[in-house]
Every structure is written in C-alpha cells, then in structure tokens.
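2 protein chains.
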Amino acid sequence: MSASDYLGYVAALCSTSAYAPQVIKAWRTRRTKDISLKAFSVLVTGQCLWLTYGYLKGEWPLVASNMVTLCFTGTILYLKWCEPPDCKPEGRRSAPALGE
Amino acid sequence: MSASDYLGYVAALCSTSAYAPQVIKAWRTRRTKDISLKAFSVLVTGQCLWLTYGYLKGEWPLVASNMVTLCFTGTILYLKWCEPPDCKPEGRRSAPALGE
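Line by line, the protein sequences are chains A and B.
Those letters in the first sequence? Residues 55 to 154, by our numbering.
Those letters in the second sequence? Residues 55 to 154, by our numbering.
Check each hint, because a few of them may be wrong.
20 Å max Cα-Cα, derived EDC-like pairs, lysine to aspartate or glutamate [unchecked claim]: (1) B/LYS111 <-> A/ASP59; (2) B/LYS111 <-> A/GLU113; (3) B/LYS87 <-> A/GLU137; (4) A/LYS111 <-> B/GLU113; (5) A/LYS111 <-> B/ASP59; (6) A/LYS87 <-> B/GLU137.
Think of the hints as simulated: they come from the structure by calculation, not from any bench.
All chains should be built: construct the whole structure from the sequences, respecting the hints.
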C-alpha cells in the first residue's frame, strides 16, 4: 500500500469520526441552540445520497463510512429537532442593558 | 451520464454546501458555544488530508470540493477559537433555582 493510500484511510477515519465529539457534547448538555438545523439537514441528505450512490456503484467503503457518519449526524439532527421552542437563538450579543 | 452519476453530483453538492448555513448562523450570532471544537478540528484535519490525497492522486473534483468545504469549516473553527472564554458550556439544563 502506498503512502497516499494510508493518507486516504486516515482522512476517511477523520471525516467519519469527526462528528462523535459533537454528538457527545450535544447529548450531555442537551444544548443545540448554536447548531444550524439547515446545515445538518443538508448534511444528512447528502450522506443518504452518497449511501445510495455507493450502493448503486457497489462502492462498499463509501456505503460503510456514510452509514457510520449518518448515525452521528442523524443523532445531532434528532437532538436539534427536540430542542424546546423557547430556546430562541439570541441576536448578536449586544452589551447587557443597564440593571440586567 | 447515468442516473447514479447525477446522484453523485447532487450528493457532492449537498456535502460541500452543507456548512454554509452554519457559517452564516455563527457569523451573525457570534455564538458557537454549542459547537464542538474537537469535532471541527478533526473535520478540518480530515479535509486537509483529503485535499492532499486528491492532489497526490490527481483527483481534481476531490481537491475542488474539499477546498470549498475547508473554507466553511475553517471559518467555523476560527469563530469557535475566537469565542470569549467566559462562555463556559452550561451543564445539563436543570430546573431554574427559585427566585432566579
């Protein structure tokens, strides 16, 4: 195996496992206010499409890595959906009003 | 071009553009408390490795898509780094103390 193949495997490992710390953080704190619902909806959609693409082309590494990543991003999307509506995203943080 | 190729292009578009809404949200609100620094550090590392891998293999679509995604995730990582230290991630949201 060449050096660039090793590089590809490490890159795949990073891309696949990157969301694990975000899942742990969101699960522990149950806070997802600063996470963009749109971003993770598009991300999950993209991973479902990559999964289908990999299946149609018989590219099993693509299927396997996207299944793992989908578990992470799907969990984050679920936690974002479950966010209580009172958590309105605050506007730009301005100086606290006097007496606050 | 076959249907699965179209699927691949749409999947690539989703994966590449997914972080744009997160960049806009973080830029506007300057709030990144709920975003995991570890997750985006690993994500940026993975994209740098994919970029190098694509360059070594001459896979220019891989290089192009990871350059775009790196601009987004790199911006989010920058905003997370710039987060003022007073923004301690709150613990699990418990019931507000009486009188609070």
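Structure-based check of each hint:
| no. | hint | verdict |
| --- | --- | --- |
| 1 | B/LYS111 <-> A/ASP59 | holds (9 Å) |
| 2 | B/LYS111 <-> A/GLU113 | holds (18 Å) |
| 3 | B/LYS87 <-> A/GLU137 | holds (15 Å) |
| 4 | A/LYS111 <-> B/GLU113 | holds (18 Å) |
| 5 | A/LYS111 <-> B/ASP59 | holds (9 Å) |
| 6 | A/LYS87 <-> B/GLU137 | holds (15 Å) |
Against the hints set out earlier in the document, no violation occurs for any number.
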